[in-house]
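Trainee: Listed below are the residues making up each chain.
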Amino acid sequence: KNQVEQSPQSLIILEGKNCTLQCNYTVSPFSNLRWYKQDTGRGPVSLTIMTFSENTKSNGRYTATLDADTKQSSLHITASQLSDSASYICVVSDSGGGADGLTFGKGTHLIIQP
Amino acid sequence: DARVTQTPRDKVTEMGQEVTMRCQPILGHNTVFWYRQTMMQGLELLAYFRNRAPLDDSGMPKDRFSAEMPDATLATLKIQPSEPRDSAVYFCASGLDYQPQHFGDGTRLSIL
Numbered sequence: 153k154n155q156v157e158q159s160p161q162s163l164i165i166l167e168g169k170n171c172t173l174q175c176n177y178t179v180s181p182f183s184n185l186r187w188y189k190q191d192t193g194r195g196p197v198s199l200t201i202m203t204f205s206e207n208t209k210s211n212g213r214y215t216a217t218l219d220a221d222t223k224q225s226s227l228h229i230t231a232s233q234l235s236d237s238a239s240y241i242c243v244v245s246d247s248g249g250g251a252d253g254l255t256f257g258k259g260t261h262l263i264i265q266p
Numbered sequence: 076d077a078r079v080t081q082t083p084r085d086k087v088t089e090m091g092q093e094v095t096m097r098c099q100p101i102l103g104h105n106t107v108f109w110y111r112q113t114m115m116q117g118l119e120l121l122a123y124f125r126n127r128a129p130l131d132d133s134g135m136p137k138d139r140f141s142a143e144m145p146d147a148t149l150a151t152l153k154i155q156p157s158e159p160r161d162s163a164v165y166f167c168a169s170g171l172d173y174q175p176q177h178f179g180d181g182t183r184l185s186i187l
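If you're matching them up, the sequences are chains A and B in order.
Taken in order, the first sequence gives residues 153 to 266; the numbers are from the numbering used here.
Taken in order, the second sequence gives residues 76 to 187; the numbers are from the numbering used here.
So here's chain B without its partners, still in its complex pose (with noise of 0.2 Å):
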């Protein structure tokens, strides 16, 4: 079965540090998703790709974080400097025509 692959799996930092996280969305889906899941919040939308190309990141909070596809294996997103408060899981998911039909398991986050 094809499947999303996010990486690192779990991520424990300090406040001020750089953040990476990786998605292999899976071949041949044409819109890439970021998610962020909160116990309070529930999943809210970060930013999104369609044919590599951003769409929207009014999601995100511009200063702290970014989102790229450098290519179409290959999505990241960063925060620099994080803190305490981005503390979440991150999802990454992909599909066709804006339908999030696939996540991977996520990038679960800590900033100390």
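So here's chain A without its partners, still in its complex pose (with noise of 0.2 Å):
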């Protein structure tokens, strides 16, 4: 069963410090890697998508990367802000082409204190 794993659970740094969240693996075979930040509220926002080929990609102060060897991704944040205070979800989809081929991480909560 495909399975997606995420740590930590929840998370609290101050403003300003890096953190780095973890998203573990099983599907296969492996199609791409999303992350999505969801504030509370409010819909999960797409931060990157990630196919095999890439093991490493930005957007702004988020880096995440890839080894798809050990089925493992990560997601690094520099120089954290109070907005980057929400839940960060990994969605990892398989090759089969169906929507139901998704499989969703249950999220770290990341708390950003001033």
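Treat the hints with care, since some could be wrong.
[Stated by the list, open to error] No farther apart than 30 Å at their CA atoms in a straight line, the calculated lysine-lysine pairs in the DSS-like style are these:
#1 B/Lys153 to A/Lys258
#2 B/Lys86 to A/Lys258
#3 B/Lys137 to B/Lys86
#4 A/Lys209 to A/Lys223
#5 B/Lys153 to B/Lys86
#6 A/Lys153 to A/Lys209
#7 B/Lys137 to B/Lys153
#8 B/Lys137 to A/Lys258
#9 A/Lys153 to B/Lys86
#10 A/Lys258 to A/Lys153
#11 A/Lys223 to A/Lys258
#12 A/Lys258 to A/Lys209
It is worth saying that the hints were derived from the structure and are not from the lab.
Assemble the dimeric complex from its two separately framed chains, guided by the hints.
Mentor: Right, dumping it as structure tokens:
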């Protein structure tokens, strides 16, 4: 069964610090991996999407990495801001070509303290 | 910016009542999704459409849930009769080729 595990479940850091969120998956065959940011009371917003051949992708202060061999991804946030407080969800797609081929992680809840 | 629009934002009703949630996907997107989000389960796929045709609704209890897409600008999710365990946030998303690229802000449903 395809699974996506995210860690930590929650994280509190001080404003200005860096942090790294982890995503481990067992989805096979792999197609792509996407990170979403979900603010409280809002829908998820896509941050990055990576395919098998990509191992790093940046979006401003967010940098996602992918190791397809170990089936791990990380999302690194640099110089955190209060607005980074949100849940971050990792979603992995298999290559089956259907929406039911997406496996969602349960997310990491990040709190940035001033 | 193009957005997925969901209505209503919040809905509180009593058990047994019919609930209808509406979604306006982004024009040009060929896939529309309905998801349910709870603290325990996270995001779960309920149903999705490609080019307005329903492709999979195996994620929802068919005796009470129904999803339709009467035209390209409207998708609906109905629950009849509603039960307290249906309380959750329901998201609509749209995208190209089975990827939920844009989500709406959800309907927060509470069944008393």
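Trainee: Each hint: holds or not?
Mentor: Status of each hint after checking the structure:
For the hint linking lysine 153 of chain B to lysine 258 of chain A, the alpha-carbon distance of about 25 Å falls within 30 Å, and the restraint holds. Proposed proximity of lysine 86 of chain B and lysine 258 of chain A is supported: the alpha carbons are some 24 Å apart, at most 30 Å. Proposed proximity of lysine 137 of chain B and lysine 86 of chain B is supported: the alpha carbons are some 21 Å apart, at most 30 Å. Restraint check: the Cα-Cα separation between lysine 209 of chain A and lysine 223 of chain A comes to about 16 Å, which is no more than 30 Å; the hinted pair holds.
Between lysine 153 of chain B and lysine 86 of chain B the alpha-carbon distance is near 13 Å, which keeps this suggested pair within the 30 Å criterion. For the given pair, lysine 153 of chain A sits about 28 Å from lysine 209 of chain A by alpha-carbon distance, which is consistent with the 30 Å threshold. For the hint pairing lysine 137 of chain B with lysine 153 of chain B, the CA-to-CA distance comes to about 10 Å; that is within 30 Å, so the pair holds. Between lysine 137 of chain B and lysine 258 of chain A the alpha-carbon distance is near 25 Å, which keeps this suggested pair within the 30 Å criterion.
Simply put, lysine 153 of chain A and lysine 86 of chain B have alpha-carbon atoms about 35 Å apart, too far for the 30 Å limit, and the pair is violated. Between lysine 258 of chain A and lysine 153 of chain A, the direct Cα distance comes to roughly 16 Å. Compliance with the 30 Å bound is thereby established for this hinted pair. Between lysine 223 of chain A and lysine 258 of chain A the CA atoms are separated by roughly 17 Å; this keeps the pair inside 30 Å, and the hint holds. The straight-line distance between the Cα atoms of lysine 258 of chain A and lysine 209 of chain A is roughly 22 Å, inside the 30 Å bound, and the hint therefore holds.
Against the hints set out earlier in the document, a violation occurs for number 9 only.
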